[in-house]
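K.L.:
Once you have looked at the hints, place chain B on chain A.
Chains as they are written, first to last, in our numbering: chain A, 1 to 357; chain B, 1 to 261.
Be aware that a few hints might be false.
What the hints assert, rightly or not - The following residues of chain B were derived to be distant from chain A, with all beta-carbon distances above 10 angstroms:
(1) Ile7
(2) Ile17
(3) Trp44
(4) Ala48
(5) Gln82
(6) Leu87
(7) Glu90
(8) Met127
(9) Ala131
(10) Trp152
(11) Leu164
(12) Ile174
(13) Leu233
What the hints assert, rightly or not - Simulated restraints, written as ranges between beta carbons of each label pair:
(14) Thr56/A x Trp152/B: 52 to 58 angstroms
(15) Ala350/A x Leu164/B: 55 to 61 angstroms
(16) Pro107/B x Asn100/A: 47 to 53 angstroms
No lab work stands behind these hints: they were computed from the structure.
Glycine is no exception: its CB is placed at the ideal position from the N, C-alpha and C atoms.
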Amino acid sequence: MNKKTILVILAFTMGAVFLGACSGQVPINNWAGLAADANRAYLSSGSFVYAIDLGTGEEVWRYPQEADGKLLFFATPYLTSDGQLLIGSQGTEHAFVSINPETGRDNWANPFSGAQGLWVAAPLEFNGRIYAPNTDGFIYVLDLNGKPAGDPIEIGGALWSSPATDGTRMYVASLDHHLHIVDPETGISQQEIDLGGAVPSSPVVAEDGVYVGSFASRIDYVTFSGSRELVEEAPNWVWGTPVLDDDTLYYADLDGNIFSLDIPTGRQNWGAVKPDGPVVARLLVDGDKIFVATESGTFYALDRESKIVWEKELGGSIYTSPVSAGDLILVAPYKSEFALAAYDAQGRQAWTFTPEK
Amino acid sequence: MWETFIIEPMTNLLLWIYDLLGHGAHTFGLAIILFTILVRLITWPLNASQVKGAQAMQQLQNDKEWQDIQKKYAKDREKLAQEQMRLYKERGINPFASCLPTLIQFPIIIGLYQSIIRAMASTPLDMLKLARTVYTSLNVEGIIPLNSHFLWMDLGRPESINLLGFAFPTLAVIVALTTYVQSKLTMPTSTNPNDQSAAMSGMMSIYMPLMLGWLALNFASGISVYFITSNLLGIVQYAATGRANWSSLLPGGKKQAPGKK
Numbered sequence: 001m002n003k004k005t006i007l008v009i010l011a012f013t014m015g016a017v018f019l020g021a022c023s024g025q026v027p028i029n030n031w032a033g034l035a036a037d038a039n040r041a042y043l044s045s046g047s048f049v050y051a052i053d054l055g056t057g058e059e060v061w062r063y064p065q066e067a068d069g070k071l072l073f074f075a076t077p078y079l080t081s082d083g084q085l086l087i088g089s090q091g092t093e094h095a096f097v098s099i100n101p102e103t104g105r106d107n108w109a110n111p112f113s114g115a116q117g118l119w120v121a122a123p124l125e126f127n128g129r130i131y132a133p134n135t136d137g138f139i140y141v142l143d144l145n146g147k148p149a150g151d152p153i154e155i156g157g158a159l160w161s162s163p164a165t166d167g168t169r170m171y172v173a174s175l176d177h178h179l180h181i182v183d184p185e186t187g188i189s190q191q192e193i194d195l196g197g198a199v200p201s202s203p204v205v206a207e208d209g210v211y212v213g214s215f216a217s218r219i220d221y222v223t224f225s226g227s228r229e230l231v232e233e234a235p236n237w238v239w240g241t242p243v244l245d246d247d248t249l250y251y252a253d254l255d256g257n258i259f260s261l262d263i264p265t266g267r268q269n270w271g272a273v274k275p276d277g278p279v280v281a282r283l284l285v286d287g288d289k290i291f292v293a294t295e296s297g298t299f300y301a302l303d304r305e306s307k308i309v310w311e312k313e314l315g316g317s318i319y320t321s322p323v324s325a326g327d328l329i330l331v332a333p334y335k336s337e338f339a340l341a342a343y344d345a346q347g348r349q350a351w352t353f354t355p356e357k
Numbered sequence: 001m002w003e004t005f006i007i008e009p010m011t012n013l014l015l016w017i018y019d020l021l022g023h024g025a026h027t028f029g030l031a032i033i034l035f036t037i038l039v040r041l042i043t044w045p046l047n048a049s050q051v052k053g054a055q056a057m058q059q060l061q062n063d064k065e066w067q068d069i070q071k072k073y074a075k076d077r078e079k080l081a082q083e084q085m086r087l088y089k090e091r092g093i094n095p096f097a098s099c100l101p102t103l104i105q106f107p108i109i110i111g112l113y114q115s116i117i118r119a120m121a122s123t124p125l126d127m128l129k130l131a132r133t134v135y136t137s138l139n140v141e142g143i144i145p146l147n148s149h150f151l152w153m154d155l156g157r158p159e160s161i162n163l164l165g166f167a168f169p170t171l172a173v174i175v176a177l178t179t180y181v182q183s184k185l186t187m188p189t190s191t192n193p194n195d196q197s198a199a200m201s202g203m204m205s206i207y208m209p210l211m212l213g214w215l216a217l218n219f220a221s222g223i224s225v226y227f228i229t230s231n232l233l234g235i236v237q238y239a240a241t242g243r244a245n246w247s248s249l250l251p252g253g254k255k256q257a258p259g260k261k
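Next comes chain A alone, as it looks inside the complex:
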């Protein structure tokens, strides 16, 4: 066998190995989803959803009990009013499951499997129905037993965020660059407002409209009637859902700027506040503090005047929105030594959680 032949065979073998390493399917990978009730945190991270005791940081249960190649969890879990934990899978079968938060067992005999795309966002419970947004561009309408309760609502564009409601209408932000105002009863679209860029986060309901941030690097205010008004432009994409706290709107951008907008005057309360990295996670306003999680892996507590009260370097990156649970603030870093950490308001670490293999 001459050198040329050996070289060709080697090259093809290497190529096959390289491409094989990429895996056959589109690689599905994302940061964890996080929710909490009074006793437990629920973390969706890879093959499992974990329930973690808030007092001890210990694992209470994991779902499923054994890893299933068809199930992959990164979506944000959602707790319904009747005590179900809902979450969709990014695995091959796109299952949408209901888990008993007490036991970690399935509530529904069969998970809902009618969607064609991945589940990224948490659903919305409204008027006894579940409105579950999917990346296939549909909102699936289910009853609390997991059965279809109406035709899927076609939105168009992948849906990465939960719908919001003012009690009458439903506001759906889509990657198709539009905010959709939908009648939740009939599923009929009432308005489609072009926002100039993809919208990865949920709208925030205000007095007579919603605030919404987008990849068009701006915050818009869209009234119930569908008129759009520019609130502020940002230097980079606005990813996380803005937070409305009385008359102040808090939001951040991918350059890592933190903004505090006084709505009545339209003025920024702060000058340039820019911690150590891009901000993807929603800000958390809790008590007198604003919690900021950065891609650089640092978790900050700011006071209302933007002064840093404390900061923690968690390692990895933080993309998951922090959650407040009782006296604790929960934060889930991506690719860190641990999957979840709990701090009290003074910045003392209560515990960290690392899943056992």
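P.N.:
Chain B alone, transformed into the frame defined by chain A:
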């Protein structure tokens, strides 16, 4: 390094072409086709040199002097290698000229696959990576997320058509067929029964379609669009030289001496 010199330029080029085409339905598939044509144009001289190199090697295999040397030094491999190198030198043959373009294909295929997945951005984490990849000169906000539909396919996923309840992998079959046709056309038949490289080429003409077909079966269909376009262009390029051995496509087809039209 790989990211900076392969993934970023490829992803931005794909997005630029996509934007140029109006970023509507089916345009990402067209962008991949145009991208492939561009790659083929850039590597045209290399491909031409590959064809030339293969022809020269094949002619050597059928050369009387070389066949005599093979017989003479059949039991002395070292001397045979020395004589082979002498002949290469005398006739200006570069034995690696025919495999260089093949080697160059690999970074392109792997880079393209990763660029397609990057550009598709099917999860928030992928979108974040895409945001870091695009050059500031590209107005990416207006065009993302990409429309991944092309004809009946989702370019971010493996393709199949449902035929009577069976998922038939159309693209994988077309990839295998076009690869087979291309390799058979470009493979002149040797008259030397001791020609190892001809035997190897024959094996490769079976192995390559199967391997690329397998890749097309399992990977994002965007990569299949690349394979098919590239193969068709390769066939056209070779046919343009007038040396295509069309009869070799059929079982028991007429043999053609190397270099003859």
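K.L.:
Are the hints correct? Go through all of them and say.
P.N.:
Hints and how they fare:
Distance check on Ile7/B: its Cβ is at least 12 angstroms (rounded) from any Cβ of chain A, clearing the 10 angstroms threshold; non-interface status holds. At roughly 20 angstroms, the least C-beta separation between Ile17/B and chain A is larger than 10 angstroms, which holds for a residue marked as non-interface. Distance check for Trp44/B against chain A: the nearest CB is about 20 angstroms away, which clears 10 angstroms, and the non-interface claim stands. With a cut of 10 angstroms on Cβ distances, Ala48/B stays outside the contact zone with chain A, its closest approach being about 18 angstroms.
Gln82/B, annotated as away from the interface, keeps every beta carbon of chain A farther than 10 angstroms; the closest lies near 14 angstroms. Even its closest Cβ contact with chain A, about 13 angstroms, leaves Leu87/B beyond 10 angstroms, as expected for a residue assigned away from the interface. Remark: the non-interface label on Glu90/B is consistent with the geometry, its nearest Cβ contact in chain A lying 18 angstroms away (cut-off 10 angstroms). The Cβ of Met127/B does not lie farther than 10 angstroms from every Cβ of chain A; its closest approach is about 7 angstroms, which violates its non-interface assignment.
A cut-off of 10 angstroms between C-beta atoms contradicts the statement that Ala131/B is not in contact with chain A; the least separation is 6 angstroms. Listed as a non-interface residue, Trp152/B keeps its Cβ farther than 10 angstroms from every Cβ of chain A; the least gap is roughly 14 angstroms. Remark: the non-interface label on Leu164/B is consistent with the geometry, its nearest Cβ contact in chain A lying 21 angstroms away (cut-off 10 angstroms). The non-interface label for Ile174/B is consistent with chain A: the shortest C-beta to C-beta separation is roughly 19 angstroms, beyond 10 angstroms.
No beta-carbon of chain A comes within 10 angstroms of the beta-carbon of Leu233/B; the shortest separation is about 20 angstroms. Remark: the range hint 52 to 58 angstroms for Thr56/A to Trp152/B is upheld by a beta-carbon distance near 53 angstroms. Here the CB-CB span from Ala350/A to Leu164/B is close to 59 angstroms, well matched to the stated 55 to 61 angstroms. Evaluation of the 47 to 53 angstroms hint for Pro107/B and Asn100/A yields a pass: the beta carbon distance comes to about 51 angstroms.
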